[in-house]
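S.K.: Each residue of the sequence shown is one higher than the last, beginning at 1 in the numbering used here.
None of these hints come from the bench; they were simulated from the model.
Calculated pairs, DMTMM-like style, for lysine to aspartate or glutamate (alpha carbon to alpha carbon, straight line, at most 20 Å):
id	residue 1	residue 2
1	K174	E153
2	K77	D120
3	K77	E89
4	K252	D241
Here are the computed distance ranges between Cβ atoms for each label pair:
id	residue 1	residue 2	range
5	G94	V258	32 to 40 Å
6	S194	S42	18 to 26 Å
7	G245	G167	26 to 34 Å
8	E205	T92	40 to 48 Å
Just so you know, even glycine gets a beta-carbon here, dropped at the ideal spot from N, CA and C.
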Amino acid sequence: MTIPWHQQRLAALDFESSDKIPQTARIVSCALILVGGGQPTSTREWLLNPGIPMEPDAIKTHGITDEYAAAHGKDAKQGVHEIAQAIAEVVTAGVPLVGHNLGGYDLNLLNHECIRHLGDTLEGICQQPLTQVIDSMILDWYAAPYRQRVSPEQGPYEMKTTAQTYGLGWDDDKAHGATYDALMSARAAYKIGSIAHTPRGQRPEWVQQLRNRRGPYERFDHLAGIDVAELHRRQAVWAADRAAGLQEHFRKTDPTAVVRGEWPLIPAPTDGGVTS
1 MTIPWHQQRL AALDFESSDK IPQTARIVSC ALILVGGGQP TSTREWLLNP
51 GIPMEPDAIK THGITDEYAA AHGKDAKQGV HEIAQAIAEV VTAGVPLVGH
101 NLGGYDLNLL NHECIRHLGD TLEGICQQPL TQVIDSMILD WYAAPYRQRV
151 SPEQGPYEMK TTAQTYGLGW DDDKAHGATY DALMSARAAY KIGSIAHTPR
201 GQRPEWVQQL RNRRGPYERF DHLAGIDVAE LHRRQAVWAA DRAAGLQEHF
251 RKTDPTAVVR GEWPLIPAPT DGGVTS
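Go ahead and model the full structure; you've got the sequences and the hints to work with.
M.R.: So, in structure tokens, the structure goes:
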């Protein structure tokens with residue numbers, strides 16, 4: 001019998017970085033956590049010296065200053081090489097990658113860093129395309145759509161909101177550390193998968209109310225009974241739909257707004273370009 005995707009061994013991945021734009025950001029810290037599948041949890045962590053001044057908002061978020069990163073972080077090229085090789089090992093072993101907004105930010109950040117420092121794309125280093133990615137933000141957005149912002153500061157599908165929605169709690173003191181966020185994304189994916197594989201009538205009341213308000217079925221049904229490869233393909237479609245919706249929204253005030261819909265990697269130039 002095939003093990004449901006959320007009960008398999010997963011590799012949770014998260015980065016803290018120098019700014020919010022994956023094309024220009026540099027990696028500051030990374031956590032890669034092998035979790036689940038009936039095996040002990042294994043955690044690898046990196047602290048890098050990004051080699052450029054970080055944006056003040058980034059420092060405020062993760063709490064790592066330029067001075068601390070310079071004094072304690074690995075050389076960026078060495079660190080990116082180690083991270084990319086660790087992920088290549090995971091991908092080669094067939095372990096799915098999991099993270100929150102993993103295809104929207106983290107993997108694209110790493111892809112640009114690989115091109116910048118190593119002269120190859122992430123998929124080139126892995127020697128295969130990424131086809132087993134689980135993005136807890138995309139899953140949450142698809143399964144429980146139309147959620148409103150919690151507050152002006154807290155978005156409807158950020159990691160904190162997703163964690164609280166699925167009863168995982170949240171520790172603001174630990175949040176926005178790569179290790180904490182990576183682990184929470186894996187836990188969120190597990191909870192979403194658990195609900196999807198639970199009979200409709202036994203799902204949490206708030207999930208059953210989603211069905212009652214928005215149609216004759218629950219979108220969680222579309223997350224059950226499929227393997228990771230099919231889940232990956234569906235997420236690519238859902239991510240494109242989400243991007244199209246965001247672009248339409250943004251164009252109400254900016255007719256030139258563009259939101260790229262490729263997932264989990266947006267093609268990046270390999271000739272320096274925006275990654276320089």
